[in-house]
Every structure is written in C-alpha cells, then in structure tokens.
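Residue numbers (full-length UniProt numbering), protein chains in the order written: chain A, 1 to 445; chain B, 1 to 445; chain C, 1 to 445; chain D, 1 to 445.
Just so you know, the hints here were simulated from the structure itself, not pulled from any lab data.
One thing to keep in mind: the hints can contain errors.
Said to hold, decoys possible - Simulated crosslink set (DSS-like; lysine-lysine; CA at most 30 Å straight-line): (1) B:327 - A:147; (2) C:411 - D:12; (3) B:378 - B:74; (4) A:327 - B:147.
To be verified - Between beta-carbon pairs, the in silico distance windows are: (5) D:406 - A:219: 51 to 61 Å; (6) B:21 - D:337: 52 to 62 Å; (7) C:272 - B:21: 53 to 63 Å.
We treat Cβ as the ideally placed atom computed from N, Cα and C, and that holds for glycine.
Protein chains: 4
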Amino acid sequence: MLMRDDPLAREKVFRDPVHNYIHVSDRVILALIDTPEFQRLRRIKQLGVANYVFQGAEHTRFTHSLGVYEITRKMCESFATNFPSRAPGDGLWDDNERLVALCSALLHDIGHGPYSHTFEHLFGTDHEAITRRILTDPSTAVNAVLKTVSPDFPEQVASVIAHTYPNPQVVQMISSQIDADRMDYLLRDAYHTGTNYGLFDLTRILRVMRPYAGGIAYEADGMHAVEDYIVSRFQMYQQVYFHPVSRSMETILAKLLARAKVLYEAGAFAQDAPRLLVPFFEHDFTLADYLRLDDGVLNTYFTAWCTESDPILADLAGRFLNRRPFKSVSFTAATADQLPALRQLVAAAGFDPAYYTAENDSFDLPYDQYDPEAANPKTQIEIMQPDGTLSELSTQSRLVAAITGRVSGDKRFYFPKVMLEPTSTDLFTPIYRQFQAHVVNGRLK
Amino acid sequence: MLMRDDPLAREKVFRDPVHNYIHVSDRVILALIDTPEFQRLRRIKQLGVANYVFQGAEHTRFTHSLGVYEITRKMCESFATNFPSRAPGDGLWDDNERLVALCSALLHDIGHGPYSHTFEHLFGTDHEAITRRILTDPSTAVNAVLKTVSPDFPEQVASVIAHTYPNPQVVQMISSQIDADRMDYLLRDAYHTGTNYGLFDLTRILRVMRPYAGGIAYEADGMHAVEDYIVSRFQMYQQVYFHPVSRSMETILAKLLARAKVLYEAGAFAQDAPRLLVPFFEHDFTLADYLRLDDGVLNTYFTAWCTESDPILADLAGRFLNRRPFKSVSFTAATADQLPALRQLVAAAGFDPAYYTAENDSFDLPYDQYDPEAANPKTQIEIMQPDGTLSELSTQSRLVAAITGRVSGDKRFYFPKVMLEPTSTDLFTPIYRQFQAHVVNGRLK
Amino acid sequence: MLMRDDPLAREKVFRDPVHNYIHVSDRVILALIDTPEFQRLRRIKQLGVANYVFQGAEHTRFTHSLGVYEITRKMCESFATNFPSRAPGDGLWDDNERLVALCSALLHDIGHGPYSHTFEHLFGTDHEAITRRILTDPSTAVNAVLKTVSPDFPEQVASVIAHTYPNPQVVQMISSQIDADRMDYLLRDAYHTGTNYGLFDLTRILRVMRPYAGGIAYEADGMHAVEDYIVSRFQMYQQVYFHPVSRSMETILAKLLARAKVLYEAGAFAQDAPRLLVPFFEHDFTLADYLRLDDGVLNTYFTAWCTESDPILADLAGRFLNRRPFKSVSFTAATADQLPALRQLVAAAGFDPAYYTAENDSFDLPYDQYDPEAANPKTQIEIMQPDGTLSELSTQSRLVAAITGRVSGDKRFYFPKVMLEPTSTDLFTPIYRQFQAHVVNGRLK
Amino acid sequence: MLMRDDPLAREKVFRDPVHNYIHVSDRVILALIDTPEFQRLRRIKQLGVANYVFQGAEHTRFTHSLGVYEITRKMCESFATNFPSRAPGDGLWDDNERLVALCSALLHDIGHGPYSHTFEHLFGTDHEAITRRILTDPSTAVNAVLKTVSPDFPEQVASVIAHTYPNPQVVQMISSQIDADRMDYLLRDAYHTGTNYGLFDLTRILRVMRPYAGGIAYEADGMHAVEDYIVSRFQMYQQVYFHPVSRSMETILAKLLARAKVLYEAGAFAQDAPRLLVPFFEHDFTLADYLRLDDGVLNTYFTAWCTESDPILADLAGRFLNRRPFKSVSFTAATADQLPALRQLVAAAGFDPAYYTAENDSFDLPYDQYDPEAANPKTQIEIMQPDGTLSELSTQSRLVAAITGRVSGDKRFYFPKVMLEPTSTDLFTPIYRQFQAHVVNGRLK
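Just chain A, with the same shape it has in the complex:
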C-alpha cells in the first residue's frame, strides 16, 4: 500500500503545551509516530542533565520531535497558500515536497540516544549516522513505513537530514540558522525551564518566511522578529545550555562512564557486567543494541553501581543520581597554567584527579554569515527587501552584528566542592586555602 496520497479520514490532533495542538492529517506521519524507534524517544530527555539545574526540564525528544514536525507543517501550509509554484524553477513552493519535509522534521532526531553528547564522546557513536541507519536500514519499522511512500523515500528523507537533498527550501526548513528544530527547542526549553529567554514571535516569523530559488528568505518588515529569535538563541545558550552546574553533571556522567569502561576492560565488575552497555564498551554494537538504550537503562545501571565495590564508580554514580555536582571556576588561555597545580591540590586532598577534575569548554557560534572558506559554512539568513533584493541579516541588525561570527562561551575547571569550602577544622584545610588563593569572583586569578 502506497501512502503518499493517503490522508486520514479526519485530521488527528495531539495536545501540546507549546503549540497547543499538533495536527496530523497524513497516515504516514501517524504510522511513523507509532514505530518503536520513535516511541523510544519518550524515554530520552531532550536536555539530558539540565533538569538538575532547571528542574522543570523533564521533557523528552519525543515531544520536541512532534513540535519540529508541527512548525514544519505550518511552514508548508503557509508556503502552499501564499507562494505556490506555478512553473518548475520559479523558486516558489512545490507542495509535492510537503511529505518529505514533514517526515524529515519528525525524524531528524531519531538517532539520538540517552545523554547523547556525553555518550557519543566516550563511545564514538554518531547520532547522525544512526539516524541515517534508522531511516534506511530494512530492519526498522521506520524504514518500512517510509517505503510505503515510495521505494526511494527513505533515502530522500535521509538526504534532507544530510543537507544533500536538491531542494534547498526543504533542507533549510529542517536545518539552517533559523529552522523548525531550533525554533521548537527554544520555545519548548523556555517553557519547561520556566525562563523566558527563549521566547520569540513564532507566528510572525512564519508569516514573513518565503521561499525563493536559493532557499528561504524573510521579508524585511519581519527583520526584528528574526533578530529577536537570534538574540533569544544566544541568551538560551548563555543562560541555560551552558549553565556551569549542568556542565558539572555532564562531567560527572562522563567520568562515571569512563570509569565503568575501565573496570569492564579490567574485568573488575563485582556484580554482573552491564549487559546492555557491553557492546559499547567493546566498540562493536548493532543498531538493535543502540535502540535498546534509553535514560532509564543507564540510570538503572547507575543505581546498581552505587553499591559496586569500586569506590570511585560507586561515588560517581551516587553523585550523578543524587545531584552532588562538582564546583567550577572559569579560566582562560592566560590562566590555564595554574591547572596542574590545582590538580595536584585536588590529589593532595584525597581525590584521584583523573576522575575528580575536568576541563570543560562550551562554545557556540550563535550566528554567522556565509563563508565558503569556513570549515562548516553556514547558510546565512537573508532579508528580502520589497523590491526582491536580499540582504544578509547582520547588515540589518546591530544586535545580530554584535554576535555574528564570534563564538560565545567559556572554559571551566571542575573539582570537588569541598575545595572551595570555607575554613573549617578539617585536616585538609591548608590545602583548601591554597586552592582558594587561586580563585576570585568565580575565575582563576
């Protein structure tokens, strides 16, 4: 049964706190939502460990993925109504692209696993490659559903996500400096964290978007709404995504998994080995192995590890589950030379610095112009003037110009909280004092 032109008898809706309702009128979309690979996203938090800082951030990649779908659906609807293509090559919207856009939006994150960034870094997994496999591997339910549209539809969706799909409008909907993915996560993360930095006027942005031959542009009288979106994104990175305590919890997670791997390799687990992680410890995993993981699986192992005999593993597992973060200070290239001394002090205070200290760099490029020389050239945001000419956003906005092409973030050094505690009668007090002498106003002197 080919599903390409197979609408539902009546539109279905999903209630959503961010978009109010999410509208589904294609049978294939409903079938994709119902696949095990997609339902699995209900068990993977969108923001990993951020709920340790912003307690409301308990939402998952499932709700985010539906949100990205919904924003993309609204884009298609607006384009089909206001800018329908009349002739091939006229640069307007060809509504035959709708289904590939919707499926790409819905599935763009399907390859994510639990605590993605930390996990990937340690085990060398790659969520983009896995997304591609989920789409194109005949073993998955997602692939089976996509093939009901056409035999090459899975590859088409994969190529949108890989940015190689020929229609730049479709690619930019899903992945560009102002795409449905980013717009949903800013709004959704703001809603759940209870911050308002991520708010911007989605309705207005959708109103001023328009297709053109090169992709998607924004009408000039909506420039400020686009500017506000860029500023919101910048602020969310500074205030939420790069929060020092979130990064602390990620650091602990990374150290915990690293320790588990070392113990596994040494055959030193007292309890059963963590069966579902073994393929990753051994760098030899199947897609099925990967799809079995979620936040709960990892936390279940961490709970078990709290009573493992290795004191470092047990302590780090307890720190992670029970939120006992490391403290941190920021440092720069100029002050980084103090780090060896600080690590020695941490060691002198009784902590193995390999597991109880860490450096963490968090940097983001909030917006950039197109630069063909760049390692990773960005599709810049184009503002369309009434006469049809295009101007790059940062030439129109002083606020955007201020952050264009400049990475934002900081480097931090993490260590146990006790190192910063005020003088007590503790044996180690002289060591703590020495440590504290390096620090002022939350940074290395």
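Using the hints, position chains B, C and D against chain A.
Leaving out everything else, chains B, C and D in the frame of chain A:
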C-alpha cells in the same frame, strides 16, 4: 548538630515553571532535597502513563513535591504575617509549626514508587506505609536529616502525613479537600498537559485562607475562588485523570506485570529473571529493594521482555512501550451482563481474555461535606463570614452543591482495537461485527 | 464596484493580545473597519465602569468587535474545510454565507453608545435598533460599504443580527448560547481584568463545532470543553460583571444623568447646557446625534459639572470621575421591608434618598434549554453523538444542569459609605448606628 | 492627622493583569490614589496613539502608575529584608525611605496630560514642571495628602522626581537606566500590545538588585537578566514605540492642533471656540486648566471639528479620529535634499504641504555609560562581583556593548497615502509617478 533554627546564610531559589521560583531558607529543607530517597523522585513521573495521551505530562514527583513545599511555605508566611498566635489556644498560627509543616509538605509523596497505583494493586505495596518507613527508619538519609531537628521530629512529620498530628491547621495544609498537594498538582498537571481546566487563582486562595481553632477556613469574599478550585479539580478528573486511553495504558501495564509474575512463578522466564522485581513477585521486599525501583528500571525490564519467548508477555510489553492501547466502551450495571459474551468474542478472535480484556472503574468524590458516618470522613471546606460564623462550602455555591457527595466517573470495558475495526476481508470479520453490534456511541447498548 | 469576491492582494493582520493576530483577507472587511461609525468604537469601553474595580478593564468595543470577527472567521474556515455543503439542504456549510457571517460578527455591536446599559435605561435609546439603522440607513459609511457587496446586503446583515436570517448556522455563530460574541468577551475580559475565570479552550470548541440542518452542534468528545465554557461564563458573571462596586458606579452614573436631565428640564444649568446631550434630554435625537457620543464626551461633561452650582450634580459628578462609590448590602424579598426605614436614615444623615440610595438587581440566566413557552426562548446547546443523535447539554453535564434555567444574581441596596463607618464623634453617629443594626455579613438581617 | 506611620488595618489589593495584585498597606498611598488628580490618569492613555497600530494598547497612565508603585514596593521589601542598614552611612537600605520612594513611584507621571509629547511640543507645557506643581501647590488634593506625612514631604517627593533627593538609592528606584518606571511600562506595553519584545525576568532582577553607597547595583549572577532587560527595551523602541504608523498618527495630531491654533488666532472658528483649549492657545493657563484636560476632552473637540468649515481642520480631525494615517519613507542626511521636491509634488497634487507633509525624527539612546561630559549624564548600570567590586554593564555584555552610547531610530518623511498609490486613471497620476520615482524599499533613493 540541631538544625531547627538554622537558616541558610542567604535564601536559595529553585526555578520552577509553575511557581516561577521556589524559595528555601532552611538548611534542613535543602538537606532533605539532597537525600537519595528524595532525588529518586526525579525518576518517577507524576502522572504515570498520562503522557501517552497528553504528551507534555512528562514531569515527575520531584518537581511536584517542591511545588507542594512552596505552596505550604506561602501559607505559613501569610499566616505568620496576618494571623500570628498571641496566646496558646487562640486558634491563630503558631510559627513554631512552620518547620513540621514544610517538611511534611516536601516529603508527603516520598513513598511513591514507579507507576504507583498499578504497582501497588498488583504487589500489595502501600506507598503511605512506605512513606512512614522512609521518615522513621534509621537506615534512610531522610530520617537522619529529620533527626537533626529533634529526636522525635521524624515521628512528628509522619503523624502530619497520617493526619494524627494534634494541630489541625498543619494537617489541613498538607491533606484536606483544599490542600497544598492538590493545589500544586492541579496547576502543574494543567501546565504540562497544556489544558487549562486545572487553573484557578492560587494567589487569591492564599489571601483568603485563615487559621481558626478547628483548622483552616476561607473568608467569604474569596468563596468564588474556592468554588473555582473545586470545579477545576472536578474537570481535571473528568478530562485528564480519567481519560479512557490513560486507563487503557494502565490496564496494559497491569496485565503485563501480572503476566510476568505468572511466568516467574512458573519458572518460565527464558532470559534472566528480573532481579529487582523478584522481591515483589515473592511478596518479600525490603525498603532498600523498594527504593531501587523507578520508571526507568521497569521500562528497562519491559524492553527486555519484548524479546521474551512468551508471546503474551512480549506483546503486552511492546504495547506498553510503543503505545498500542486497548480500545474501550463504557458500561453500567444495566449493561454489564453483556460482558461475558464480549469476552467470548475476544477469545474467538484469538486473544486470551484474561490478558486482553479488562474492566476499569474510575470514580472520584470531588467534594463532600463532613459526615461522621462516612467510611472516610472528609474535613469539609468552611467559609468564614465577616462576623466569624462558618458555613460549609456547598451551602454557598450552587456549582459545588451540584457535585458534592456524588462520585463521578465511569466503568469501562477494555479489549483489542481490532474488535472495533470497520469491516474488512479479515477472517474474523463476522466476529468483529457481532462485537460491534453491542456498541453505540462509545457505550454498551 | 461590487466587493463580494474582492480579496486583498495579501492578507492583512492586526495584532491582538487575545487572538495574537486577526486575519483579514476581504476588502469589504477592511473598508468596514475604516468607517467612522466603526472607528468610534475605539472611544467606548467594553465594560463601561468595570475598570473602577478591575483596573485593567480599559479595553474597548473596537477590539472586542475585531475579536468576534476573528472567531467567526475561524468558524467559517473550519466549516469550509471539514463540512462543506455538497448539495442544497444537506445541512452542511455553504461558504457563500461566509461574508454575511463575517460582516455580522464585525458589526454586531456597532449600535452601542457610551455606558450603554445605563444610558439606554435613562434615555430610552435602543442599541439594537440603532445597530439596524447604522447598517441600513443610507447616510452611514457602513451602509455604503455593505452595499458594495449587493443592494440587499445591508438588510441581510441586519437580519442576522435580528435572528431572522434564514440560515440558522449563521445566526447561531453570532448569537446563541455559545457564540463568537460571548466567546470573545469572556476571553478578552479575563485577559484585561487579570482574572482567569473567563478562560476556556476556544481551540477545542472550534474543533468540535459542526453545522447541521438545525444550526450548530458540538461533537460529544468535546462536551467538557463546552461545559467549561458555560461554567466560565457563569463565574465571570458572578465575579466580574455583577461585582457590587461596579454596580455602585453604574448607580452613581444613573443618578448623575438623571439629575442632569432634571436640571435641564428645569432650565437650571448655570453653565452652558450640555449641547450634545440635549437631543437625548428632549427624547428627540438623530442618528448623527447618537454617533457623536462616546465615553470621552460624557466624561467631558462630567468634568464640567464638578463645578456646577447644583450641589447634587457636582457631588455625583465628582463621585463618578474620582471613584467614590456607594456602599451596598444585599437583600431579598423577605428583608426588603426594611428599605424604607433605611432610606429614612440616609435622609436623616443629610442625603437626598432619591439620589443617594438605589436598588440594583443583577440577574443572569447562565444557560437554558429550549422552551417554546419562554418569553425569550433560547437556542439550546446540542451535543452530537457519534451516531448523529443530538442531546441537550444539561443532560450530559452535571455542572451545567446545576445552573440550567435558574437565574443567578442578587438584589442590592446602595447608599453613602459613611452610613457604615465605625462609630466616631460625628454628629450623625446615632443614625449610623441605627443603620448598621440592620446589617450583618453584608446583607440585611 | 499625620499619616507617616499609619498602616491600614488590613492590606488592600488591586487586581492587575501585569502584576496580578498590587498591594497597598499605607493609608497615605490609598489617599493619593483617591485624589482627583490621580484618578484623572484613568482618562489618559499610556501610549497616546499607539492603539491605532497595536489595537490592544488601550491602557492608561493610571494602571501604569500603580504598576510603578508596586515594583518599587517590591524593591523596598527586598531591600528591607536582605540589606537593612545597621548604621548611618553603611550604604545599605534605610527603611525610613520607604514612604518617599513609594509616593514618588506612584506620582511620577501625575503631570502628564493627554497625548503628552505632541501637546507639549505645540503648547510649550512641561509635564515635569506640572508634576512638581501638583505635588507642591496647596490647591491640589495630592499636596494635601502628602502634607499629612510631614510639612516638607511634598518637597521631598518632588526632589526625588527631580533627581535632587540626597539618597541615590531612592532616586535610582524611580529614575535611572533600570528603574521601576521603565520596568513597568515595558511589561505592561508588551502585555497590551500583544508583543513579547518587552518581556524580561522582573523577579530575577528584583532578586539581584542591592543597595550600595552609590545607589543600586546588580549582583554578577544576574547580569544576563539585566542584559535581557536592556535588549527588551531596545526592541520595544524599535518595534513598538517608533512604529512608523504611530508616528504618522502623532504627526496628524500635531498638524491638527496647529491648525486649530491658527484658526483660533485668526478668529476663524465657525462654531464655539474650544473653550478648554483656549488657555493653551493663548499660552496662559492655570494648573486647574491643565487638570481639566484628558484624552476624551480633546477627542470631543476633534469630533466637533469634523464639521468645521475649514477644510483642512475638518479633514485632519477626521483622519485622526478615523485612522487615516499618512504614509512615510525614511531618509538620511544624504537623501534629505530631495524633500523640497517631494513637498512640491505633494502641493502639486493638491495638498497644503504645511499640513500634509512632515518630518519626524525618532531617536532613543537605549543605554549609556556614565559620561560627566554628556549633556544629560546617565547613571550607568553597575554589576557587583562576589568580592564587591563594580563593573559597568557594557563591559560584561556583548549585546549591551553593541547598543551602548549609540542612538537608535530614523528620520521619516510623511505625506498623503495617495502619493504612493499605483498608477490609475487619476488626473494626478503623472505627479504620483514622479513622487514614486524617489522611493525604493521604503526609503528615499
């Protein structure tokens, strides 16, 4: 170190999407939040399976517990400012009760486990008894922290939760027909489900609450805010908590756990037995066993069971994880006699009715007057007139009167979706047709 | 130029805090908004004097009228998409009705003047008759615009507002127990007063509305959203529209205008007579006279009257402008016999009871079933079951049943605040004490 | 009766859509709200003509003034709790300053008249001087109330508003680059316009504010909340306050009043002269004359002028009341030389360019560092590091640095809409074409 009068150097705040900020100024509260027993609530969803229907309902008992604490803190603050006791027995607020009220609020749900109601029903656990044990058992971190206030403080907190604490104001703050628990969950569940049924004017209710000798009363000019709260609660039960599809997912969960228990008892698990569940299968569990469970642990087993050899276990596990709910119809005492016939039809269609059909009754008493004869007498809501006389709420509000003392809800019969599917070429079509002949407008004829 | 099928080149939007954007795609709608008769609504507050109690209630009939238009537009859009008529008489939606529905929605309040209800009561004006004249009188810009659609279009719009238009779907959109008018004012008044009583789920109601031969019905699975709307409306009446202090300010306004009329008739104005009011004092006004009035015109006279020589006029004008309300007590048929005595006490305290006391009844019928015997039969709300049968709302909702067919409200007696002031050294203290002896808990004993 | 330490028996609250409740516990504040001078603010819109563009902007200076009061009250409460002065000169908060701060906040706008900026420009009135007179002139009710606190209290309040009060903390609460006035209007204007540009985290800013000897500083970990406020303010100016159509309506208002003055001076009014405006036409007005004006008074004259015999006056009055704005183009110093030619074309098209063209410059300095050389030196925003050192905001925030010390805005040229209309058969078409040849993308070429 006794913590009773041990304030933090500077108030701490937790950001919260519902209350904006949660304010903590007592060291003991912070210490309780940091216990493993309390942090564990981050891994237990507040609404169990409701996110299968209202996808945003991914919030946990952790954030709810902090919310209940915050509302109680506001009550204490208002009482201390506006109605401070001047002499024992004057019926006003004694601020020495503040700490026991705050701790009781924070910890009132600490005994909950994963998918509480379903789990309890099957395994005979009792979250209230477990709450008491967590508070009073010397093995827990919670108990250790509470004892820093005074040796009998754990018992005091437990007695508030058990409604036996002598001060009725404290008890009613935490548990009555209009308490901090209900007020937080209505607001929070409304926020995350994206419905507005649960909204009411918390600020106004807090303004018109006042202590009196018998507990807590509400000033007459706030009657409508109290009425609105009762109506909101009624509507949330009808619209969210009793949603037929949520109950379907709970039904599947119950059948799944029941099947697992049967297989365990029969020694029929092909894979390893689910070690963390064994103490519950055997009805012989310790507090530590209980505290090791959370949503993720159960889901991890369910994932494994999807590939178990028992087809019923595997199918039910997949239904639960991948959201393939049963369908249902409502029935009454008058139409219940059709259920045996329906079960036979389900069996004839190839499903074991012991696992593929279920009855589910969901009833709630939205509000009631005090009735000393009742099995579970309620503390009624008292409206205080300007001259100090009290009137029971339902005598003041026609809307509340309409739902007072009357349970609301329905009985539903659950079965596989295919039984309701429109005629096809399926072998079983005649059976489905027979089944469908019993049903009209979502109920048994 | 006929405008019937004359869309704008590109849809225009008006930003609105309640609906976010209001969408206009018909040239005739834009032309109607631009008429002087419609722009005049910017100068007439929606809630008259309610901002004296809920200070944010400063919004006007202009924004409300656009809101009613927008809700109606959404109804038409949903009907055209989901329930398009295929053959005459099939009971589905004929999109040729769209323009008459939109114009009726936009213009339904065009006949309102300043402080409508009070003004009408005193001067015998009738905003419904005036609406009709504005629509159909060739002197108005509104009529000129409507005639560009067709010569009989003004009459068609007028007949919708008069409930005599043949298509009951169009009539019920604009005027029924659940119409675009009420839905907008509940949401808008809630937004501006800052209360949440008026909130309900507009999106869901729009989703479950459907045309049928008899008008508009609501699908059964949306029953609770409709119930919630009815309850919201009931609560707004109780809490906002019938607020005793709003009614006090209305009472003062009525007395003030009555006094002015008496003075005019007596030729006793010391300053110039209030020229723009003279036609109303003389019960002989033209449409142009009426259209010249607005809140500002009346307030301008009131400001002048503060320095008139008549002490009652000057005092009442100052009370109205500077918010010095009368106090009130509620009374019933059983306690009404005390009113003459109370009036005498007010007189004894030095106030003319004709101007300084008043009775005010505020009653509303929140919802009713259809009753052909009733003076003003209501179109009841019909819930459509899956098999197409209709059930009247109150048979489906216990909450609605509680308020169906029963008027809600109270009778209050108004008088100067000093009558309730606590004993002082005032000469009149014995009189005040006598007065106060009649009152307990805000009502007559 | 001295009111300094005269609290109300029980706190009063005013419901407010922006702050939810406004809390009043001082008798003097309630008495000030009840004065005619303050109640008059109910009749003066906060944003003048902005509701012609953002229709919801119908709120008044009354609600804004209460909002400024409420934010100031929260500042005082936080300072009194967290930073109470222990000894004179310790730079902490002396709660004896509370009442002068609250009264200054409440009354800071009391001298505003209708359509303030336009009116002042034409008639040379000065709302700051009038504020001072209302506070200190024995004829006002405000002065009488303030004197109940102490004989010199009116002067104290006036000196706060004039920035000459000795305590810089009090002055900066009311008037600085981040004061209660700006914070309220950004939130309130955002609420009523329905835009979200003006939103920022007021609660967090209040939490990180702290008094020091030089005024008010912000703790370093709240820097981003302060940054967000500055960016919000910048965006509101760009998007709302400087909207070209609002400025068009202001332009029309200015021309209308100018024409009326000319006619008055020429004795050319056909109807009665506008009595309440005469003192202003003659530049000889009393405080009482000024206090008699409000939006409604002016609009009442404008309504009358629609039928005056002077065609320019009548047309401009109609344009203003019925929203028929001029169109505009932006220009720069480089393109300003085309303006004479454009004015000639407007004249050639039949419009008197003195009344039908205008230049409008709107510029704002969104934030600046302290510069003793500046004409109007600003109190810069100080960020306090953990060790107590201060850093000026723009050194900490890249976004703020981008807009520091640089005025934002544009110059626009206004003219009748017909000049931009597309070619028609109009006699003047060649003139319009010539005009349009100067314009591209909304600016002069």
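Do the hints match the structure? See the list:
no., hint, in the structure
1, B:327 - A:147, "holds, 28 Å"
2, C:411 - D:12, "holds, 26 Å"
3, B:378 - B:74, "holds, 24 Å"
4, A:327 - B:147, "holds, 28 Å"
5, D:406 - A:219: 51 to 61 Å, "violated, 26 Å"
6, B:21 - D:337: 52 to 62 Å, "holds, 57 Å"
7, C:272 - B:21: 53 to 63 Å, "holds, 58 Å"
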